[in-house]
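Trainee: Chains as they are written, first to last, in the working numbering: chain W, 1 to 144; chain C, 1 to 194.
The set of hints was computed from the structure by calculation and includes no laboratory data. Treat the hints loosely; a few may be bogus.
In silico DSBU-like cross-links for lysine-lysine, where the CA-CA straight-line distance does not exceed 35 Å [unchecked claim]:
hint : chain 1 : residue 1 : chain 2 : residue 2
1    : W       : LYS116    : C       : LYS43
2    : C       : LYS43     : C       : LYS72
3    : C       : LYS72     : W       : LYS116
4    : C       : LYS134    : W       : LYS60
5    : W       : LYS144    : C       : LYS72
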Amino acid sequence: MLGRISTVLGLASLLASPAWAEIARVKSSVGAAAIERGTARLPARPGLQLNPGDRLVTGKDGRISLSFIDNTRFSVGPNSRIAVNEFSYDRTRQSGTFVTQVDRGSLGVVSGHIAKSGKDAMKVRTPNSLLGVRGTRFIVEVPK
Amino acid sequence: MIKWPIAAALALLLGGCAGSSLLLLPDEAGGHGAVAVLESNGKPVDAVVSQADSRTRLGTTNPTSRPAGQLKPDEIALLSAMPAPPRNYVLYFIEGTTDLTAESRPVLEEIKAEIARRPGVDVEVTGHSDTVGKADDNDALSLRRAEQIVGVLSTVGIDRSLMTAVGRGERELRVPTMDNVENPLNRRVEVLVR
Numbered sequence: 001m002l003g004r005i006s007t008v009l010g011l012a013s014l015l016a017s018p019a020w021a022e023i024a025r026v027k028s029s030v031g032a033a034a035i036e037r038g039t040a041r042l043p044a045r046p047g048l049q050l051n052p053g054d055r056l057v058t059g060k061d062g063r064i065s066l067s068f069i070d071n072t073r074f075s076v077g078p079n080s081r082i083a084v085n086e087f088s089y090d091r092t093r094q095s096g097t098f099v100t101q102v103d104r105g106s107l108g109v110v111s112g113h114i115a116k117s118g119k120d121a122m123k124v125r126t127p128n129s130l131l132g133v134r135g136t137r138f139i140v141e142v143p144k
Numbered sequence: 001m002i003k004w005p006i007a008a009a010l011a012l013l014l015g016g017c018a019g020s021s022l023l024l025l026p027d028e029a030g031g032h033g034a035v036a037v038l039e040s041n042g043k044p045v046d047a048v049v050s051q052a053d054s055r056t057r058l059g060t061t062n063p064t065s066r067p068a069g070q071l072k073p074d075e076i077a078l079l080s081a082m083p084a085p086p087r088n089y090v091l092y093f094i095e096g097t098t099d100l101t102a103e104s105r106p107v108l109e110e111i112k113a114e115i116a117r118r119p120g121v122d123v124e125v126t127g128h129s130d131t132v133g134k135a136d137d138n139d140a141l142s143l144r145r146a147e148q149i150v151g152v153l154s155t156v157g158i159d160r161s162l163m164t165a166v167g168r169g170e171r172e173l174r175v176p177t178m179d180n181v182e183n184p185l186n187r188r189v190e191v192l193v194r
């Protein structure tokens, strides 16, 4: 029984692995800048690959810039805490869904293929609002 | 007399607490898109911010925009830290081979130079087909082509770990044609340096 469960789990994680494929890469960072993944805290070095669920965290002198595989680009300002809650993307069809949550700080966005792939396929959540991105360049700011 | 400063301080405090704001900017190409406000404080809202260079305070039931005026230093810093837009290159191959055409060989050198310029670079290699055959078959064919070219590029000095192969099939024709039309310009591989 136990054997069967672990086989099922093993299979499930194997099947799930494409979902954990790279969704973005850090292009630059300065100051205190990290990617939080579960309980791990990774320095946001250029080339670091992001997974869905990762959180972008900067201190008062920190910045992170990154590009996603659908060509969305992010610039994260100081004192920020931003989570990529949901990201799924079909590279062949250039469509998907993308939900980012800005808990605090500032986020500059140039949207990519996902925002164009469907109405409100890309969303940004702040503590008091939910935005639907319809293909554009913008900044969201959430003061502490 | 004493009440005014207190009221002002309170307003400032409340203003600070009021929270999120949206600055909608023109696109790099000059046009601009829009951002819809779908919810405020958990309640559905039906508003669309579509005025470029506008500021909108979020969290109200009826979000209103005003002209952005001059950008603040923080905003300028945020925009200038944005990664450069990706660059796209088109490669053509001698029919039925993985040999680059003479015209495409210098493009390969440009690609390598662009990769070297970009920190944290990644490279998307996308195969495109013409409209001959079934769409599904062309998805598979264009992906195989892209994978093949990833192999080729890795032998000429591009780090394999940077590259991803994608097949777009006949979705993005360089030269629009009817179905089942052979076209060498549509059978191509594009290399996006991001």
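Trainee: Okay, which hints does this one fail, numbers in order?
Mentor: 4
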